[in-house]
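Trainee: Residue-level listing of the chains:
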Amino acid sequence: MQLGKYVKFREEKFGGVLFETQSEKVYTLNPTAAAIIRELGSGCDATELTQRLADRFQAPMDTIERDVAALIADLRQKGLVEDARS
Amino acid sequence: MTQITGVTPLPGSSIPVSTPATTTSGMLRAPLYVAWQVTNECNLACMHCIEESGPGKAFKDELSKEQVFDVLRQIAENDVPYLSFSGGEPMLHPYFFEMVEYACSHGTQVKVETNAHYLSPEACARLKAAGVKAVQVSLDGANPESFGRMRVRGNFHQVIEGLHNLHEAGVPIEINHSPTGFNAHEIANMVDLSAEVGADSFYTGRTMYTGNAVKTWAKLNATDEQYEQFFATLREKTEQYRGRMRIHFHEMGLLEELQYRLHHPAALLIVLPNGLVKLINALPFVCGDLRRQSLTEIWAHFQQAWQDPRVAAFVHALEQDPGKTAMLHQWISV
Ligand code: SF4
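So the protein lines, in turn, are chains A and B. Taking the numbering used here, the leading residue of the first sequence gets 1, the next gets one more, and so forth. Taking the numbering used here, the leading residue of the second sequence gets 1001, the next gets one more, and so forth.
Chain A on its own, in the form it takes in the complex (with noise of 0.2 Å):
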């Protein structure tokens, strides 16, 4: 999964802002979410991810996969990310 190719992630005091360049539309994301897509930047998997997140942040996976599944459906539904291009 990745930023879809249009989207700009950059990070900010409060957290970060993504920037759909296509419809021109600016995201806020809190410190959280930030941290998310800038784990996504890497490439990783939602698997990977929430595991990486979970060592983080020192909390229990359940929690931060329901979060974070939250988060990208959002994203997705908003046609901020994408399968990662081969």
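Derived from the structure by calculation, the hints contain no laboratory data.
Think about it this way: if two alpha-carbon atoms lie no more than 16 Å apart in a straight line, the pair counts; the simulated EDC-like pairs of lysine to aspartate or glutamate are:
1) B:K1128 to B:E1098
2) A:K8 to B:D1079
3) A:K5 to B:D1200
4) B:K1060 to B:E1041
Let chain A serve as the given structure and place chain B with the ligand on it in line with the hints.
Mentor: Same frame as chain A, now just chain B with the ligand:
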């Protein structure tokens, strides 16, 4: 772990798109979008040109090569995600391709806004190789007659050929259309033509009463009834082309847009050919000079500049006297 609240569109981000990157820009460490008018020179002299560009209209003090690449370096270093090159006609700039290639290779998404008279197969191949996000072509008529009326010195067939070359090269195409009293009824054909030439997106909105349009308004102005029909057709076309071509149109007039911006400045810097930086294209206010200041310094001042009382006073004065937009190029530092 804190609950992920996720992805929130910034306030007003559904406001489209001729002045994009709508955001509460004060939160951000750098602009999200730089719209760079690289030269005021143009091969055309359109009736509605906001920049009043044309042959021989390059500014005397346009940025040197060294200055241009210094600005590009700062754009990359500040992680500005989106950059457009316009003019005048940007493809007339002596370093146009080098600028595009530099920006693309540093991770910036680049849009080129052109009148499409220089889009040879070779030029299109080079734009494709550079990796531009899109080339936006101005097309103000669905046939040579209405196109030629608006785009003085323009050649409709050359534009269609340029679009064909872009499509062949695989460069994403965006069409920008300015409605007038004499072309508004052609909007359905315009949208169809855009789809035929392979456009991915179609942008339009009310033609602004600024620049050359102030002088030519009597010939240009579309009536409220014409606009009503125009937008109704666009709504139908949006449905017809859903999934094939995105149609973006904004019904807001210039004044409403400016009133909105007073409270919600976009995270957008407008860079003029001489390095001056404007708050917004349709106002005369300048908030920095890239020949003397860094992009970071100018951005740090941007919010404060919008709060200068002269900006709000100018917008309020426009409510009484829309002709004040004729002062667009008499820059005022804030
Ligand atoms: S092609 Fe664009 S820049 Fe040139 S005169 Fe026409 S509107 Fe102005």
